[in-house]
Amino acid sequence: DAGVTQSPTHLIKTRGQQVTLRCSPKSGHDTVSWYQQALGQGPQFIFQYYEEEERQRGNFPDRFSGHQFPNYSSELNVNALLLGDSALYLCASSHSDSPYQPQHFGDGTRLSIL
Amino acid sequence: RKEVEQDPGPFNVPEGATVAFNCTYSNSASQSFFWYRQDCRKEPKLLMSVYSSGNEDGRFTAQLNRASQYISLLIRDSKLSDSATYLCVVSLGSDKLIFGTGTRLQVFP
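Here the protein sequences come in this chain order: H and A.
Numbering-wise, the numbering used here comes out as the position in the first sequence, counting from 1, plus 3.
Numbering-wise, the numbering used here comes out as the position in the second sequence, counting from 1, plus 143.
Watch out, some of these pointers could steer you wrong.
Cut-off 27 Å, straight-line C-alpha distance, at most; resulting in silico cross-link-like pairs (DSS-like, lysine-lysine) [said to hold, decoys possible]:
id	chain 1	residue 1	chain 2	residue 2
1	H	16	A	145
2	A	185	A	222
3	A	145	A	185
4	H	29	A	188
5	H	29	A	145
Hints are computed from structural coordinates only; laboratory data are not their basis.
Predicted, not measured: the structure shown is a model, and the values here were computed from it.
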């Protein structure tokens with residue numbers, strides 16, 4: 004039973020560039036959430052996707068956008084990258100029928116901005 | 144005020160010691176509570192859910208006090224492999240998880 008998978012594992016970009024991160028949820032899960040974890044901090048919620056729509060959004064600028072596909076996989080896009088976007092980006096999945104169950108995380112994508 | 148507050152530590156304890164972590168949360172409407180463990184440069188992994196009646200999983204005991212909006216985690220007989228960052232997490236339900244900054248534990252021989 005495959006867990007949450009994310010790609011790529013590591014990425015190096017320069018300021019002003021754009022990046023796309025990908026996530027496949029755990030088998031049977033239909034909801035995908037994205038988090039940003041800066042060094043020394045807890046993960047911060049970016050947004051959540053369900054039924055191919057953004058259901059909730061955290062306090063992140065419009066440079067952060069996403070998408071969910073019919074197979075429940077998801078992408079996170081960040082435009083006009085800033086040095087402060089350097090972080091571990093985590094994807095978590097859950098099932099909408101089990102709202103109080105914990106979310107399962109992928110290994111994350113470590114993004115470095117030069 | 145942060146939504147979830149934890150003592151960042153680090154807590155340095157010898158093997159076999161008992162150590163307790165505390166956490167407070169600000170939103171009284173919070174419905175779900177968890178402790179996650181995160182190893183260096185790895186993803187958070189669920190350690191245990193926390194229930195109002197308190198719950199135990201081997202050497203780990205979690206407590207929730209809804210009136211005080213307080214969550215705790217007790218680790219007995221600490222092992223070297225327990226060294227990690229412990230994240231206190233709350234949720235309003237089928238939505239975002241709200242994380243504390245984490246408490247770092249270092250168990251030494």
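Taking the hints in turn, this is what the structure says about them:
no.: 1; hint: H/16 with A/145; verdict: violated (31 Å)
no.: 2; hint: A/185 with A/222; verdict: holds (19 Å)
no.: 3; hint: A/145 with A/185; verdict: holds (24 Å)
no.: 4; hint: H/29 with A/188; verdict: holds (14 Å)
no.: 5; hint: H/29 with A/145; verdict: violated (31 Å)
The structure is inconsistent with the numbered hints 1 and 5, although it conforms to all the rest.
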